[in-house]
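Trainee: The opening position of the sequence shown corresponds to residue 1 in the UniProt record's numbering, with each subsequent residue numbered one higher.
Since the hints were made in silico from the structure, they are not lab data. Among the clues, some could well be false.
Said to hold, decoys possible - In the SDA-like style, the derived pairs of lysine to any residue whose C-alpha atoms are separated by at most 25 Å in a straight line are:
(1) K207 <-> S353
(2) K6 <-> P140
(3) K232 <-> D288
(4) K147 <-> P77
The structure presented is a predicted model; accordingly, all values stated were derived computationally and were not measured.
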Amino acid sequence: MLEAVKVALDPTPRQERLLESHAGAARFAYNAGLAHVKDMLERGDKPEWSYYALRRWWNQAKNTLAVDETTGETWWPENSKEAYNSGLESLADALKNFSKSRKGRRKGRRMGFPRFKSKDKAVPGFAYTTGSFGLIDRDPHALRLPKIGRVHCMENVSKRVDGAKALRMSVSKRGGRWQASLTVERADLPIPSPPKGGSVGIDLGVKELATLSDGTVIHNPHALKSNLRRLKQAQRNLSRKQKGSNRRRKARAQVARLCARVANLRSDALNKTTAMLAHTYADISIEDLNVAGMMKNHRLAQSVQDASFYEFRRQLTYKAARTGARLHVVDRWYPSSKTCSNCGMVKTKLSLSERVYHCEECGLAIDRDVNAAINIQVAGSAPETLNARGGSGRRANASRRATRHPAKREPSGGESRVRLGADLGNEAMQMTSL
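Kindly generate the complete structure, drawing on both the sequences and the hints.
Mentor: Shown next, in the form of structure tokens:
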């Protein structure tokens, strides 16, 4: 089992200059390798852009590329060779993603051809994969970085690693602070018994981050919205500074600190919420939201992005697998908000402004989000999603209640039919842990 351990570094001014130098070396190798690949393409040669091919090219050309123009001396030995290798590794990954995306073998949005990295815009960073990097014996608050030395950490990193083997260490600078992320390998632990909190349905939203079927409401911190005014002022101040000036550098650092604060506030809320859910409930049901489609609504795009629904589900998936909880993902076409949780009647339309669900059939009046969470819980705990003949989970009858198709009748609607029940969202992770 692989796990990431991220700690904040506390380097001295000399070490900060060395860290900047290593990050610049990684960026230099990336740009030099990209220029080499473009030159091969312009000549019509077969491009060799695998990681090992780029490393062979770099070892042959580094004495002519990494040369001081004034003195004529090679400067690449000043930094660790791992810094250059990490830049070439990033380039190889970018080229591989571009090739797979062009051939239709990569999921997600279409990837373009890599571009050169700018010193002002690129995130400074590099990585170690070989050598004597990592923990220091009898020094739990420090890490060893080759060519840089002992760097103090803001917390007990030895306790966080807890005897695991460090395979990789990535060093980066975000929001003006240097941090190290160690990829450690741990032994697979047996799946614990599920928590004793029963089942719960979760309805995610932009006004409140999550509403549970038992009535619990988890507040949305609105990390971006609460800091948007300060961020606008800082960005406006940055746009007025002359390029290349010292004041522009300070203004850019202020913008970076505010962006890092927004990201930290959002990450803190998501981590605490998902950890609480995974340690409390045995069966957790959520919706398979179409976040990309929701982002096309320009009135809600910023709020949807600020809530970070995908990250919520990603964290809940692996945390539930660790605690033994079962995660059920309800079909995205299931009308959880339009269905009455008491009688099962499905409304034809339900505007976003209606925050209280009123059922014309049974007279139920309930909070819209709580009603949706109850329906998600019921759908997630359903024993099956389709009947033996492939019937869907809905039938448009006179009462518009959620029922099943007859066993002798083929459903109309094909692949777009709505299904009751849910699939296990973390089934694959639990199977690999056995």
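Trainee: Now tell me if each hint is right for this structure.
Mentor: Status of each hint after checking the structure:
no. : hint          : verdict
1   : K207 <-> S353 : holds (12 Å)
2   : K6 <-> P140   : holds (14 Å)
3   : K232 <-> D288 : violated (33 Å)
4   : K147 <-> P77  : holds (10 Å)
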